[in-house]
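Use these hints to put chain B onto chain A, whose structure you have.
The primary structure of each chain is shown beneath.
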Amino acid sequence: MSVKIFVPGDSAALALGADAVAQAILAEAARRKVDVNLVRNGSRGMLWLETLVEVQTVKGRVAYGPVSEEDVVGLFEVNFHTGGKHALCLGLTEEIPYLKRQERLTFARVGITDPLSLEDYLAHDGYQGLRKALDMQSADIVQQVTDSGLRGRGGAAFPTGIKWRTVLNAAATQKYVVCNADEGDSGTFADRMLMEGDPYLLIEGMTIAGLAVGATQGYIYVRSEYPHSITVLNEAIAVARRADYLGANILKSGKSFELEVRKGAGSYVCGEETAMLESLEGKRGVVRTKPPLPAIAGVFGKPTVINNVISLASVPIILAKGAAFYKDYGMGRSRGTLPFQLAGNIKHGGLIEKAFGVTLRELLYDFGGGSASGRPIKAVQVGGPLGAYLPESQWDTPLDYEAYTNLWAVLGHGGIVVHDDKADLAKLARYAMKFCAIESCGKCTPCRIGATRGVEVMDKIIANQDRTAQIELLRDLCDTMLNGSLCAMGGMTPYPVLSALNHFPRDFGIGDFGIVKKDAASGGHHA
Amino acid sequence: MSLAYKHEQVAAIIAAQQGRPGALLPILHDMQDALGFIPPDAVALIATALNLTRAEVHGVITFYHYFRSTSPAKHTIQICCAEACQSMGAEQLVKHAEKRLAGRKDGEYALQPVYCLGLCATSPAMMVNDKLHARVTPERFDRLLKKIGGGS
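So the protein sequences, as listed, match chains A and B. All residue numbers for the first sequence refer to our numbering, where the first residue is 452 and numbers rise by one. All residue numbers for the second sequence refer to our numbering, where the first residue is 1132 and numbers rise by one.
Next comes chain A alone, as it looks inside the complex (with noise of 0.2 Å):
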């Protein structure tokens, strides 16, 4: 009987060596003569432990890592491939205390089943929420994902089930769905893991879009900088459309629904839904003014729903188990889960789906086991390089949407990105400027002429050059890009540049008395 083995094909993995590691598996399975069964599975997320090889046992999957290449031939000295005790060993994958306590609704598949198999996906509860929306009228599904409180899992927290029904009721002879991949924000992997990871979970919520707003052609705007999740996201679509999961008369319903990947070309800005409405039509990407909404003429001037990744990948579980399922998870209005990202200098980074309320304490703690360094954790921004950054005192706020609102910050994608004590908060203000000059658009003036006006006013706080005066420019810059700004990407720069800037005021030179100067002797640091 063959040993079945798991080795995860996805980029981090591959960025880890899993690709050396899976070679030299085979090799000296072939050498001992053990039949081996390896499958490229997904990552389980906990990214510190890749790669991360599971053997199946009677007793379950049983982890070692994180496994090197050189590390193979020790393994098959215990005889890891039935589950041999080794240094490496960390027991039944599913009793980690770092997934044990997680609750995976979206991610319920991501590292146990092989991506591109339809039949695994099939057989782990697979396009069941197709089959159930396609047996329902277009109103009923978009009323499904109401009331299940879903909101947009890319930023924005938009109620998805409000965007469909105007997509819905627009009048048109064609309308499209447009998934949002272009995930360019530092600290979130979320959408790529996904992608890499059940490929057919996406594909099946776009279709229940399509199927519940009229709409017959989908679009995938993947980011170049992934080019594994284009890969597979391209061979799952060829096997769904193979056996009629795609297409022209989907499981023999009568209705269709085409898929298609468009890859971006490495602009932050597309990330922005109406940029990247420009981007697929083959223009710049340009911010479009609003109104008219996406939802009334969107890609190729139609009627178009745009979702993030994890939005629709939520929508097939809440038409599988209802809407009740779903909602019964998360607090006040942020329903469901939201899967977090816990990057940058943290000991145990990685994915942790949870429902929403947890605090951020516990993420960096109970999950993450401090920074990565040893030393203190400083700062914490959450929500990609457009989120604020968050000192201690505010780490046991609730992850929720109104919750983060209420602390001027945001919870955006998700995605956490941890700074120890030697981050110099001045010197990520003025890269978050910096950043914003170099993808702006260019379009409006706030963010176009703002953010490199910005870098200067930095520049000089960071040299202590009328500092005070500089200061108070740079809160009136902030002002009218947070006003008058067209999207998120000039209009949330100051949101990391405040944040920072209140939060962290002696990395700006000002001590609790108001201005102080920096001297040579200090070197610039404050304790």
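To be clear, the hints were calculated from the coordinates, so they are not data collected in a lab. Predicted model only: the values in this text are computed from it and were never measured. No residue lacks a Cβ here, since even glycine has one placed at the ideal position from N, Cα and C. One or more hints might be untrue.
[Stated by the list, open to error] Below, simulated BS3-like cross-link-like pairs (lysine-lysine); rule was C-alpha separation at most 25 Å, straight line:
| no. | chain 1 | residue 1 | chain 2 | residue 2 |
| --- | --- | --- | --- | --- |
| 1 | A | K484 | A | K455 |
| 2 | B | K1277 | B | K1226 |
| 3 | B | K1277 | B | K1230 |
| 4 | B | K1278 | B | K1236 |
| 5 | A | K772 | A | K583 |
| 6 | B | K1278 | A | K714 |
| 7 | B | K1226 | A | K878 |
| 8 | A | K551 | A | K484 |
| 9 | B | K1262 | B | K1277 |
| 10 | B | K1230 | B | K1262 |
| 11 | B | K1205 | A | K714 |
| 12 | B | K1230 | A | K873 |
| 13 | A | K772 | A | K706 |
| 14 | A | K885 | A | K911 |
| 15 | B | K1226 | A | K911 |
| 16 | B | K1230 | A | K878 |
| 17 | B | K1277 | B | K1205 |
| 18 | A | K778 | A | K551 |
| 19 | A | K753 | A | K734 |
| 20 | A | K894 | A | K714 |
| 21 | B | K1230 | A | K885 |
| 22 | A | K510 | A | K484 |
| 23 | A | K911 | A | K878 |
| 24 | A | K741 | A | K510 |
| 25 | B | K1236 | A | K873 |
| 26 | A | K885 | B | K1226 |
| 27 | A | K753 | A | K894 |
[Stated by the list, open to error] One-sided excerpt, in silico: chain B residues whose CB lies under 10 Å from chain A:
| no. | residue |
| --- | --- |
| 28 | A1241 |
| 29 | P1244 |
| 30 | G1249 |
Frame of chain A; chain B shown alone:
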């Protein structure tokens, strides 16, 4: 000027995608995949095929960081400079790389910043040609450089 590519090749790439809605980006991707860059004299051909002005095509090529109009270096090294990688020493890694690649022949190595490779829990990250690498220490950088033939 001797052309490294054939005119027919460019025409075939355009023809294969021309009928698709929003064909310009797919054409540019195919061209860069096949030739390594988008030849400036292809701009007029693309513009004619898609009923665009040359200015529009040029505008698109120059808007996106990914597209290039000159042939790439033999090895492209992209180091992630976004926040997560900064928190784990990306800046020092860039300095190290610059030092190692200083004085190399033109066209041999291109060192570029990139903003997020989606490997934020295993920082710092980089891409060498088309391969991803995570938790890159200066030592690991040197080993990788040696592997692609740039060790000293």
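We went through each hint and held it up to the structure:
With a C-alpha separation of about 14 Å, the suggested pair K484 of chain A and K455 of chain A falls inside the 25 Å cut-off, and the hint holds. Proposed proximity of K1277 of chain B and K1226 of chain B is supported: the alpha carbons are some 18 Å apart, at most 25 Å. Proximity of K1277 of chain B to K1230 of chain B is assessed by CA-CA distance (about 15 Å); at most 25 Å being required, the pair is judged to hold. For the given pair, K1278 of chain B sits about 18 Å from K1236 of chain B by alpha-carbon distance, which is consistent with the 25 Å threshold.
Distance hint between K772 of chain A and K583 of chain A is fulfilled; the C-alpha atoms sit about 10 Å from each other, no more than 25 Å. Simply put, K1278 of chain B and K714 of chain A have alpha-carbon atoms about 30 Å apart, too far for the 25 Å limit, and the pair is violated. Simply put, K1226 of chain B and K878 of chain A have alpha-carbon atoms about 17 Å apart, close enough for the 25 Å limit, and the pair holds. Proposed proximity of K551 of chain A and K484 of chain A is contradicted: the alpha carbons are some 35 Å apart, above 25 Å.
For the hint linking K1262 of chain B to K1277 of chain B, the alpha-carbon distance of about 15 Å falls within 25 Å, and the restraint holds. For the given pair, K1230 of chain B sits about 22 Å from K1262 of chain B by alpha-carbon distance, which is consistent with the 25 Å threshold. Pair hint K1205 of chain B plus K714 of chain A holds up; C-alpha atoms about 24 Å apart against a cutoff of 25 Å. Between the alpha carbons of K1230 of chain B and K873 of chain A the distance comes to roughly 24 Å, so the proposed pair stays at or under 25 Å and holds.
Under the criterion of a C-alpha separation no larger than 25 Å, the hint pairing K772 of chain A with K706 of chain A is consistent with the structure, at around 23 Å. At roughly 14 Å between alpha-carbon atoms, K885 of chain A and K911 of chain A fall within 25 Å of each other, so this suggested pair holds. Only pairs whose Cα atoms come within 25 Å are accepted, and K1226 of chain B paired with K911 of chain A is accepted, the gap being roughly 24 Å. Proximity of K1230 of chain B to K878 of chain A is assessed by CA-CA distance (about 23 Å); at most 25 Å being required, the pair is judged to hold.
Of the supplied pair hints, the one linking K1277 of chain B and K1205 of chain B holds, its CA atoms being roughly 14 Å apart against a limit of 25 Å. Using a Cα cut-off of 25 Å, the hinted pair K778 of chain A and K551 of chain A holds, with the two alpha carbons roughly 21 Å apart. Restraint check: the Cα-Cα separation between K753 of chain A and K734 of chain A comes to about 16 Å, which is no more than 25 Å; the hinted pair holds. Distance hint between K894 of chain A and K714 of chain A is fulfilled; the C-alpha atoms sit about 23 Å from each other, no more than 25 Å.
A hinted pair counts as satisfied when its Cα atoms are at most 25 Å apart, and K1230 of chain B with K885 of chain A qualifies at roughly 24 Å. With a C-alpha separation of about 24 Å, the suggested pairing of K510 of chain A with K484 of chain A holds against the 25 Å cut-off. A distance of roughly 12 Å separates the Cα atoms of K911 of chain A and K878 of chain A; the hinted pair therefore holds under the 25 Å criterion. Taking the CA atoms of K741 of chain A and K510 of chain A, the gap is near 56 Å; set against the 25 Å cutoff, the hint is violated.
Among the hinted pairs, K1236 of chain B with K873 of chain A is inconsistent with the structure: their alpha-carbon atoms are about 36 Å apart, more than 25 Å. Of the pairs offered as hints, the one joining K885 of chain A and K1226 of chain B holds, with about 19 Å between alpha carbons and a cut-off of 25 Å not exceeded. With a C-alpha separation of about 23 Å, the suggested pairing of K753 of chain A with K894 of chain A holds against the 25 Å cut-off. Taking 10 Å as the C-beta contact cut-off toward chain A, the hint placing A1241 of chain B at the interface is violated, the least distance being around 14 Å.
Nearest Cβ of chain A to the Cβ of P1244 of chain B: about 9 Å, under the 10 Å cut. The hint holds. Among the interface hints, the one on G1249 of chain B holds; its C-beta lies about 4 Å from the nearest C-beta in chain A, closer than the 10 Å criterion.
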